[in-house]
Structures are given as structure tokens and as C-alpha cells.
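Undergrad: Protein sequence lines, in the order shown, are assigned to chains Y and V. For what it's worth, the numbering used here labels the leading residue of the first sequence as 35, then goes sequentially. For what it's worth, the numbering used here labels the leading residue of the second sequence as 7, then goes sequentially.
Everything labelled a hint here was simulated from the structure, so no lab data went into it. Since the structure is predicted, the reported quantities are computational estimates derived from the model, not experimental observations. Note that the Cβ used here is the ideal one computed from N, Cα and C, for glycine as well. Just so you know, not all the hints are guaranteed correct.
Said to hold, decoys possible - Listed next, the stretches of chain Y that the computed footprint assigns to chain V, with coverage defined by at least 3 CB atoms under 8 Å from CB atoms of chain V:
| no. | stretch |
| --- | --- |
| 1 | 156-167 |
| 2 | 198-210 |
| 3 | 224-235 |
Stated by the list, open to error - Here's a subset of chain Y near chain V, in silico, CB distances under 10 Å, partners left out:
| no. | residue |
| --- | --- |
| 4 | E120 |
| 5 | K126 |
| 6 | A128 |
| 7 | R132 |
Said to hold, decoys possible - Only pairs whose alpha carbons sit at most 30 Å apart, straight line, appear in this in silico DSBU-like list of lysine-lysine:
| no. | chain 1 | residue 1 | chain 2 | residue 2 |
| --- | --- | --- | --- | --- |
| 8 | Y | K214 | V | K149 |
| 9 | V | K148 | V | K192 |
| 10 | Y | K214 | V | K144 |
| 11 | Y | K214 | V | K247 |
Here is what each chain is made of, one letter per residue.
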Amino acid sequence: MSDGAATGLAVLATVLVVAPLVAIFAYLVYKGASSLNLAFFIDVPKPVGEVGGGMANAILGSAILLAVGSAIGVPVGIAGGIFLAEYGRGTKLANAVRFTADVLNGVPSIVMGIAIYSLIVVPQGHFSAFSGGVALGIMMIPTVCRTTEEMLLMVPNAVREAALALGVPNWRSVLAITVKTASPGIITGCMLAFARVAGETAPLIFTAFGNVGWNARLDEPIAALPLQIYVYALSPYDDWHRLAWAGSLVLIVLIVLAVSLVRYVTSRGVLKGAS
Amino acid sequence: MGVGIEVTTLNAWYGSNHALQDINLNIPANQATALIGPSGCGKSTFVRCLNRMHETIPVARVTGTVIIGDLDIYKDITPVEIRRRVGMVFQRPNPFPTMSIYENVAAGLKLNGYSSRHVLDEIVERSLRNSALWDEVKDDLKKKSGASLSGGQQQRLCIARALAVDPEVLLMDEPASALDPVSTSKIEDLIFQLKAQYTIVIVTHNMQQAARVAEKTGFFLNGRMVEFDTTDKIFTNPSDKRTEDYITGRFG
Chain Y
35 MSDGAATGLA VLATVLVVAP LVAIFAYLVY KGASSLNLAF FIDVPKPVGE
85 VGGGMANAIL GSAILLAVGS AIGVPVGIAG GIFLAEYGRG TKLANAVRFT
135 ADVLNGVPSI VMGIAIYSLI VVPQGHFSAF SGGVALGIMM IPTVCRTTEE
185 MLLMVPNAVR EAALALGVPN WRSVLAITVK TASPGIITGC MLAFARVAGE
235 TAPLIFTAFG NVGWNARLDE PIAALPLQIY VYALSPYDDW HRLAWAGSLV
285 LIVLIVLAVS LVRYVTSRGV LKGAS
Chain V
7 MGVGIEVTTL NAWYGSNHAL QDINLNIPAN QATALIGPSG CGKSTFVRCL
57 NRMHETIPVA RVTGTVIIGD LDIYKDITPV EIRRRVGMVF QRPNPFPTMS
107 IYENVAAGLK LNGYSSRHVL DEIVERSLRN SALWDEVKDD LKKKSGASLS
157 GGQQQRLCIA RALAVDPEVL LMDEPASALD PVSTSKIEDL IFQLKAQYTI
207 VIVTHNMQQA ARVAEKTGFF LNGRMVEFDT TDKIFTNPSD KRTEDYITGR
257 FG
């Protein structure tokens, strides 16, 4: 095979990877952009039959749910990954944790919703933003945990030895040196987990439940963009369909913005020649 | 100031592999001592026993006595404390890749809780001057990553990093084996200057290097120390046939 053919195949593969995303995004813009207006971002949904209304409460709700989810999923996942890579290597406990994380990753999201429903919603007696956030947070844990482990394992042992040989206590070497060295990859893992659960609907149906009005309280049902899109898309009304398209577009744009923001903030201060 | 090292019946294992057998050795203060021998003879394991890095490997084990200054390092002191007194430079330069040149040098102090900027600035400059790197990096201290330097500069950065915590002993495990000849001669010049302040133990594959920098030389073979004497004697008139065979290039 010639170099030209190899280059051609690589370009073709790149197009195949990028094309679906571009196609989905273009279709969302085509279907949804026309329904976007100021009201969409500041109003709550209007009752059936009234024109207008927006998804402002769902945007706020998604932000709150994702904040709660990240507050659980990121620290637990990173701590688990640190355990797997730095402390538990080769132990039975580590193998059990790794296996559990992989199984958890494969649990269908609707099952996660039902589990949280019976563990939190039923005992408390009501749907809540908190329970929805917990469901999303638990779904983030395996991705964050396993990428953290993989990224820490990629840090050369020479770097660990350098820190230990300076008389740095092991825990400090792990946090200040090893984790810091692996942090770009760990952040990528957190962003992947975040973006994945940001679009989840199923785990929220039995937990956050949805809400047609404003709510910022953790102990009450709360709206979320994917839930709202789901309800609107299944409805028989044309203007709700249009709002669902607009909501989908907004959801994707917000995820891209959030991920870009985190990337920008964490890439500042990276030095010339840092690998 | 450097301190002497007394090693008595030191034995070390990796699992069931008996890597060091009954090593007895007195390393004098404020001199450079070279350890030579073929690959796998135990010389690297030996220096790793002098700062208790050997035991960071899960299956590793060590017995015997190592007295550095007036401290029995396996009885009187924790591994973390002894590593602040006994610095180490590794075979491959290993700067912290995400840190600037300045942060690399200051790392040992910062991670042990020193935070006075003024003092840190002073120590970083002194350490980089002592490792003969200051003039090459002084304008990029906080701008460039340690990993952006050339291999020889990285190794001198690692020496500066080890010196910054003010050790009494500096262990060097083949510090020039990954470097070009010019960088190697810079490191050797440096060893000459550092002897005044530190006790230096250098593992080397390169016998000319041992002859150039060290007052004393030990020859290791198959986990045992065959001969230890002045460098002059080892290279001109060794007592043991195996030492002679090795330095005349008959094996290894």
C-alpha cells in the first residue's frame, strides 16, 4: 500500500468520525434555531394552547442536577481511580473495585433511575432534584474512576521515584506530583462523564421527575432539559415539537460550552514545553 | 558538610532473588566513591539501599546495617527523613513534567511545607548555580517546563532539585549514561565541585569516568563486592583477578 492510499484512508476515517456530529448539529440548527428567542431562555413553559414560553427552568434545573452529580461523581471517581492506580495495585480489593466499576458502567440508565427511586425517593416520600443529582453522580463514577486509573498508570514510575527520593511523603507525592502530572487526562475523563450524563433522561424520570415551574430547591422536583425535550417530543403539538428541537440544540451547545470552559480554565498556566 | 557511610553485612532481595550478599563497606565523607561492575551486579540496588528507595518496590527486602553520619538509617529514622538527608540522581533525567524549572528545584522544599518566597528564591538560585545550570535558565525560570530542557540540562536540573533540600550525601545512579559527551563532562566537573560539600556515591558503567572523578572505587560482581580500594589501586594494581579481568575488558 502506498503512502497516498494510507493518507486517503486516514482522511476518509476522519470524515466518517466527524460527519455524524456535524450532521446532527446541522439538523438541530435547521430544526431548532428558528424557535430560539429570548423567551426560550427566560420563560417557563406555557400551558398547551398558549403560544410562546421557554425552557429557562429546565436549563437551570439541568445546571443544578449536573452540579450535584459532579459534586458526587468527580471526587468519588477520582478517589477510586487513585486507589486503583496508587494504593491497591494487584490487591483483591482493587480487582473487586475495578470489576464493580465496569459493571456499574454497563447498568442501563433506567435501572439506575429505579434504584435511586427505591433508595431515596420512596423513603423520602417525594421526587427531588437531590435524588436526580445522585443518580447522575453515580453514573459518572465508573467513567471518572477508570480514566483516572488509566491516566495515573501512564505517569512514568521515574516521576514517582523522583518525588519519593526528595523525602516527600507518599500521600503528598501522589496528590501533588502524580495526580498533577496526570491531570489533563483526568479532566478529560471528568468531561466525558459530565457530557454523557448531561443528556440522560431515563435516570431522571423517577427521581428529578420534572417541573413546569421554577425550582432551585434540592428537595423538590426539578425540570431538566432532556426530560423537557422527551415530554415535548412525545406530545402531539407542533409548537412543542419545535421547542423540543430548540431544547436539543441548546443542550448540545451548553455541553460544548461547559466542556470548552473547563478546558480553557485548566489549560491556562501550562508551561512552554510541558508534556 | 558530607558525612561518612558505614555499611555492615548488607543483604537485599527482590522476591527470592538475592541481589546483594554481605556487603561491607566504609564510604568516606566529602569524597566521590565510584561503584563499577557489569549490568545486574547489584550496584544500583546497593545505592538504593542507602536512601531506602529499595523498599519502595513491593517484593523487595533488606537486612544489615547502614550508618550514615551517626544514624542507623534502618532503625533511628523513617524512610522519608533519610531521603531528605541522602539525595538521589537517577539514570534517566526525571524532572517533574508539569512543573516549571523553578518549581522543579523548589519541589522538595515546597512539598515539605516550606513556603517563604524569599528563602525559596534564594535556595533555587543557589542550587541552580551549584549545578552549573543557572546561567542557562535564569531568564526562563518560571516560564519554561523542566521537560523543555535538553537531556544534559534536565540532569543538572535534577541535581539542583536534589541539592535544594540540602542533603549530606548525594547518590548518583549512572547520572551520565543517557547523556552526550559534552553534557557528561559538565556533570563530571560538577561532581568535582560538589565533593567539597557532599559525600558522593556514583554508580557508573564507564570506567574512565570512575577513574576521573572518584577517590575510591568499589567493584561489584554477581551481588557481591569483590574489591574496594583507592581508585588508583583498583585501576593500576587490583588485588583480585576478577577486578583485573573486568577493568582490562576481558568481560562485562
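Undergrad: Hint by hint, note whether the structure agrees.
TA: Cross-check of the supplied hints:
1. 156-167: Since 0 is below three, the answer is violated.
2. 198-210: holds (count 9)
3. 224-235: n = 0 at 8 Å, threshold three: violated.
4. E120: Status violated, d = 12 Å.
5. K126: It is violated, given that the least Cβ distance between K126/Y and chain V is near 15 Å, above 10 Å.
6. A128: This interface hint is violated because 13 Å lies over the 10 Å limit.
7. R132: violated (18 Å)
8. K214/Y - K149/V: Roughly 18 Å between the alpha carbons, so the hint for K214/Y and K149/V holds.
9. K148/V - K192/V: Holds, at roughly 24 Å.
10. K214/Y - K144/V: This hinted pair holds, its Cα atoms lying about 25 Å apart.
11. K214/Y - K247/V: Status violated; Cα separation ~51 Å.
Hint violations for this structure: numbers 1, 3, 4, 5, 6, 7 and 11, all remaining hints satisfied.
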